[in-house]
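Q: Listed below, chain by chain, are the residues.
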Amino acid sequence: EDQVTQSPEALRLQEGESSSLNCSYTVSGLRGLFWYRQDPGKGPEFLFTLYSAGEEKEKERLKATLTKKESFLHITAPKPEDSATYLCAVQARLGNEKLTFGTGTRLTIIP
Amino acid sequence: DAGITQSPRHKVTETGTPVTLRCHQTENHRYMYWYRQDPGHGLRLIHYSYGVKDTDKGEVSDGYSVSRSKTEDFLLTLESATSSQTSVYFCAISDPRQRDHYGYTFGSGTRLTVV
Numbered sequence: 001e002d003q004v005t006q007s008p009e010a011l012r013l014q015e016g017e018s019s020s021l022n023c024s025y026t027v028s029g030l031r032g033l034f035w036y037r038q039d040p041g042k043g044p045e046f047l048f049t050l051y052s053a054g055e056e057k058e059k060e061r062l063k064a065t066l067t068k069k070e071s072f073l074h075i076t077a078p079k080p081e082d083s084a085t086y087l088c089a090v091q092a093r094l095g096n097e098k099l100t101f102g103t104g105t106r107l108t109i110i111p
Numbered sequence: 001d002a003g004i005t006q007s008p009r010h011k012v013t014e015t016g017t018p019v020t021l022r023c024h025q026t027e028n029h030r031y032m033y034w035y036r037q038d039p040g041h042g043l044r045l046i047h048y049s050y051g052v053k054d055t056d057k058g059e060v061s062d063g064y065s066v067s068r069s070k071t072e073d074f075l076l077t078l079e080s081a082t083s084s085q086t087s088v089y090f091c092a093i094s095d096p097r098q099r100d101h102y103g104y105t106f107g108s109g110t111r112l113t114v115v
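Each protein sequence line maps, in turn, to chains X and V.
Per my numbering, the first sequence starts with residue 1, numbered consecutively.
Per my numbering, the second sequence starts with residue 1, numbered consecutively.
Careful, some of the hints might be misleading.
Said to hold, decoys possible - Computed, partial: chain X to chain V, Cβ under 7 Å: (1) Pro40; (2) Gly43; (3) Phe46; (4) Thr49; (5) Phe72; (6) Pro80; (7) Glu97; (8) Lys98; (9) Phe101; (10) Thr103.
Since the hints were derived computationally from the structure, they do not count as laboratory data.
Glycine included, each C-beta is placed from N, C-alpha and C at the ideal position.
Build out the structure end to end from the sequences listed, making use of the hints.
A: The following block contains the structure:
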């Protein structure tokens, strides 16, 4: 059974204080690992897809990296508008397009 | 929400009544999904569809049924609502050819309360 564990559950940072969110996974052959951002009362918004160990992708202050067992979402010099819940999900190679999600990290950036 | 609409946005219903939630897309994507989101559990897959009249169960399908008679519409029915089905329901769509750019696109959700 595919599993995704995210840590920490919640993280409070001062504006400008960089940090990383962790996503550990077990999957029977990884097709892709996805990062989403979710604001209160809204649906998840796609950020990145990573496919193989060593791959990195960046978008503004966010950078996602992937190893064979985990992924990190690095947040550099965050701003209050980066406050959200960040979700990680995996797709198995034989999973018929289904995603398995972690429970998320709730990030709060304090001005 | 990039061509995906859920209705209703909010609903309160009584235990034992049937409820149908609708997901409508204008992207012509092949795959459609219904997830529920609950504190401490994250998003869990209820049912999904890989084409018109082609559906399959997810990890939490008991008490739910789905139908897809047209590419653009995917309906989720709670046959006899229970309090444990109080949740936020999200529909999502995907096209494997676009996974790199858009991943899965989610709707805005339906908040369902069963009293």
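Q: Determine for every hint whether it applies to the structure shown.
A: Against the structure, the hints:
no., hint, in the structure
1, Pro40, "violated (11 Å)"
2, Gly43, "holds (3 Å)"
3, Phe46, "holds (4 Å)"
4, Thr49, "holds (6 Å)"
5, Phe72, "violated (18 Å)"
6, Pro80, "violated (23 Å)"
7, Glu97, "holds (5 Å)"
8, Lys98, "holds (6 Å)"
9, Phe101, "holds (4 Å)"
10, Thr103, "holds (4 Å)"
Violated hints, in rising order: 1, 5, 6; the structure is consistent with all others.
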